[in-house]
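Peer 1: Sequence lines, in order, name chains A and B. The first sequence: position 257 = 257 (my numbering), numbered continuously. The second sequence: position 328 = 328 (my numbering), numbered continuously.
Treat the hints with care, since some could be wrong.
Said to hold, decoys possible - Pulled a few chain B residues facing chain A out of the computed Cβ check, cut under 7 Å: (1) P126; (2) G128; (3) N150; (4) K184; (5) D187; (6) A195; (7) P218; (8) L242; (9) G245; (10) V272; (11) D376; (12) E409; (13) T413; (14) T415; (15) E436; (16) H463.
By construction, these hints were calculated from the structure, which means they are not laboratory data. Don't be surprised by glycine CBs; every beta carbon is placed ideally from N, CA and C.
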Amino acid sequence: MANLGPELQERVRAACAAGQPLRISGGGTKDFLSPACEGAVLDVSGHTGLIDYAPSELVLTARAGTPLKEIESILAQHGQMLGFEPPHFGAGATLGGTLACALSGPRRPYAGAARDFVLGMHILNGRGELLGFGGQVMKNVAGFDVSRLMVGARGTLGVILDVSLKVLPLPAEERTLRVACGQEDAIALMAGWAGKPLPVSATAWIDGALMVRLSGLSQAVEAMTQQVISEPVSGGQAFWQGLREQTLPFFALQPDESLWRISLPPGSPPLALSGRTCLDWGGAQRWLVTAQPPESVASAAHQAGGAVTRYRGSGDVPVANISPALLGLHQRIKRAFDPAGILNPGREFGVRS
Amino acid sequence: MTSIYPALIAALRAELPEDALLTSPESLRPYECDGLSAYRRMPGVVCLPHTVSQAQAVLRICHRLRVPVVPRGAGTGLSGGALPLTDGVLLGLARLNQILDIDVRNRCAVVQPGVRNLALSEAARPYGFYYAPDPSSQIACTIGGNVAENSGGVHCLKYGLTVHNVLGVKILTPEGELLEIGGKALDAPGYDLLAVLCGSEGLLGVVVEITVRLLPLPERAQVVLAAFDDVARAGEAVGRILSAGIIPAGMEMMDNLAIRAAEDFVHAGYPVDAAAILLVELDGENREVSEQIFQVRQMLLDLGATEVHTARDEAERLLFWKGRKNAFPAIGRMSPDYYCMDGTIPRRRLPEVLTRIAQLSEEYGLPVANVFHAGDGNLHPLILYDANRPGELARTEALGGRILELCIEVGGTITGEHGVGIEKIEQMCVQFGGPELAQFHALRAAFDPEGLLNPGKAVPTLHRCAEFGRMHVHGGQLPHPALERF
Ligand SMILES: Cc1cc2nc3c(=O)[nH]c(=O)nc-3n(C[C@H](O)[C@H](O)[C@H](O)COP(=O)(O)OP(=O)(O)OC[C@H]3O[C@@H](n4cnc5c(N)ncnc54)[C@H](O)[C@@H]3O)c2cc1C
Chain A
1 MANLGPELQE RVRAACAAGQ PLRISGGGTK DFLSPACEGA VLDVSGHTGL IDYAPSELVL
61 TARAGTPLKE IESILAQHGQ MLGFEPPHFG AGATLGGTLA CALSGPRRPY AGAARDFVLG
121 MHILNGRGEL LGFGGQVMKN VAGFDVSRLM VGARGTLGVI LDVSLKVLPL PAEERTLRVA
181 CGQEDAIALM AGWAGKPLPV SATAWIDGAL MVRLSGLSQA VEAMTQQVIS EPVSGGQAFW
241 QGLREQTLPF FALQPDESLW RISLPPGSPP LALSGRTCLD WGGAQRWLVT AQPPESVASA
301 AHQAGGAVTR YRGSGDVPVA NISPALLGLH QRIKRAFDPA GILNPGREFG VRS
Chain B
1 MTSIYPALIA ALRAELPEDA LLTSPESLRP YECDGLSAYR RMPGVVCLPH TVSQAQAVLR
61 ICHRLRVPVV PRGAGTGLSG GALPLTDGVL LGLARLNQIL DIDVRNRCAV VQPGVRNLAL
121 SEAARPYGFY YAPDPSSQIA CTIGGNVAEN SGGVHCLKYG LTVHNVLGVK ILTPEGELLE
181 IGGKALDAPG YDLLAVLCGS EGLLGVVVEI TVRLLPLPER AQVVLAAFDD VARAGEAVGR
241 ILSAGIIPAG MEMMDNLAIR AAEDFVHAGY PVDAAAILLV ELDGENREVS EQIFQVRQML
301 LDLGATEVHT ARDEAERLLF WKGRKNAFPA IGRMSPDYYC MDGTIPRRRL PEVLTRIAQL
361 SEEYGLPVAN VFHAGDGNLH PLILYDANRP GELARTEALG GRILELCIEV GGTITGEHGV
421 GIEKIEQMCV QFGGPELAQF HALRAAFDPE GLLNPGKAVP TLHRCAEFGR MHVHGGQLPH
481 PALERF
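Hey, can you work out the whole structure from these sequences and the hints?
Peer 2: Structure below.
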């Protein structure tokens, strides 16, 4: 537990004055997700500690360098959890890095994304000014919602110092079921469930079967179990963790293959791409392992109204698909927060990618 | 404007059909205020486009002539956000009222900004869906206005605010350019522009199309009404239910004055002697709801509720809600005028804040009724006053300001859902420091470099804060005392 705020502020101020690029680094577990970035390392991993946690308020405030696993274990002691079930991608994952990359796990379509749980933040902008937005309350429309803008900004708009999050109670019961079926049937089944008030908290089609997690009071979980023709799964928790952390055998790559994340309208039909597919998030997030060139993957996704990110593999990565008009806006927003362009240069959207 | 007025009118007339341009004083009059009628100003011109391209033409002309534009939906806003400018154009979006698509497969709908909130839920109902954010003004307010204010409703505790339910928007920039942000997928590459647009009060762009998430209608919804002889105990019950792991669909509280007003108006069957009532709505799968009702009743009784009543049937459930949803007009019947506040506080500070509001009410000699979204800590103190009595409005505003500053002091905010508009512009100087306000202005300039969209609202200039004289650090206290600055 240490407060490095003043040092970090001094570093950013000095870097701004000198025009010295900074590469913000937390646990270093997510470098594979962002484009390369040149600059002196600004290490925020030592800026740690819980600042405030009142379980009855369902609100937790912690410094950005706090390890995710520490936060999760404190919450679990009080029967609570992070509703967005973030992937860690490594033992050192920090809260700040997770938010900067906007990472959410299997519960996302049913409980909300990382940004949905953010209530407030303190940040340092590119001038080294300490700024506070939002707060610790559930509803707040005073001023523009800058805290949520920081989520997914890959550290290019500000250094996240501390964050207040809404947390959720742990469900009374969780159970995982397995339904053997093909991809199209899986998409239809997930859409059908999403159209009813059912206690579904995760769905994934992988290796020829649809996995579904039910969370809630035991009566509701039991009622749905009886409605679905399925087999119970033991080790459900390990499965969802393996999906979230990409440690299931599905995610093992051959040397010429890449792993793509495709974000689509959830009911989209299967994409005509070779390789193997896993559907996550009720069909809204799809994982593709393929040796096809980036352009084919990207264009198939764009045609279906979605977008791609390459997670793992080697070779060139296509630039994020942002329209020229929107790109201009992105660049102006970047300058509004970081006029000297010192924060994580190379990771701005669309500049390089 | 006087000098460019003829040029402006001529240019608008060339682009718009006759019924889309209002210039006569009698036709402008209905647009002189929004739901905050204490503030009135006649607009220079009102444009009511039928199509997005007409709206685009209006913006292009205004940009060329450097005329400011105030967007407006249904005008139900409670912070003066749609208050017009004498030397500006009021751009009403209410005629863009088509539901473009109800997409069952992707559980979403695409609508124009003038679609009324309730109309969307009604259109989705035959498909088994609804749109979750349900402001009490839902019969009238528009989805475009909801996006601009990031509106909430009684069901936001479980299903989120507008920002949690919007998947995509199309906006017009002040130059009249159409930008498409997000879509039917759950996320899109780039910065989270949806987050800043929700709640941007018409300063960052004119919303002309919205894609929203639809939710399945619950199998069952049931409401439990509990009466307490002590407001603090009712507040405690709220925290107890939530920490037991139950997230009700809605959890609303009313104090004695509000209870009596509502009962008098709609005869909801409220216990008029109670110090406070709590309405707890549980929804979802049938058996789950039964189990939760059982648990919630038990908790309420354990905490000393004097009466716990589960609605007997759907008619009674709706009646219980009718009392709550009509609380504002009900209070309107008790007093010539009322002034609605919208602070949000950490829930655990509720008892103390209510005590201090009661003290302030006494100090200013103005009654205050309290209605709140208790689950989210969002308070709506309603100050009863009479605008015809000299000095009373000024005293009301001063009391309102004190209540908002109290909310900041306990770690809360000056507005949970009604927005800053023109009304709370000075309290923004207390809520935020100079650097934050400067950052807001810089962000705004990225969208609107000339500052033509809804100028003077939502974010005060530093100059104005200096004039107001009460800066951010006041009484030696920072806005979030619980949070260290370092
Ligand atoms: C009786 C009553 C009860 C209410 N209850 C609630 C409640 O429970 N919860 C709640 O959150 N609010 C509530 N409100 C406030 C109000 O209804 C909401 O703020 C609503 O979202 C405003 O919608 P509108 O269409 O009337 O917008 P308007 O009042 O016309 O405009 C509001 C703001 O949005 C901007 N705007 C409007 N349309 C657009 C657009 N298309 N593009 C860009 N900017 C735009 C305007 O410039 C203005 O700043 C209540 C109001 C009343 C009168």
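Peer 1: Work down the list of hints and note, for each, if the structure agrees.
Peer 2: Taking the hints in turn, this is what the structure says about them:
1. P126: violated, 13 Å
2. G128: holds, 6 Å
3. N150: For N150/B, the interface hint holds, since the closest Cβ of chain A sits about 5 Å away, which is under 7 Å.
4. K184: Since chain A brings a Cβ to about 4 Å from K184/B, closer than 7 Å, the hint holds.
5. D187: Holds - the Cβ of D187/B comes within 7 Å of chain A, reaching about 5 Å at its closest.
6. A195: Cβ of A195/B sits 3 Å from chain A, so the hint holds.
7. P218: This hint holds: P218/B lies near chain A, its Cβ roughly 5 Å from the closest one there, short of 7 Å.
8. L242: holds, 6 Å
9. G245: For G245/B, the interface hint holds, since the closest Cβ of chain A sits about 3 Å away, which is under 7 Å.
10. V272: violated, 29 Å
11. D376: Given a least distance of 4 Å, the restraint on D376/B holds.
12. E409: Interface hint status for E409/B: violated (12 Å vs cutoff 7 Å).
13. T413: holds, 4 Å
14. T415: Result: holds, 5 Å to nearest chain A Cβ.
15. E436: holds, 5 Å
16. H463: violated, 17 Å
Checked against the numbered hints given earlier, this structure breaks hints 1, 10, 12 and 16; the rest are met.
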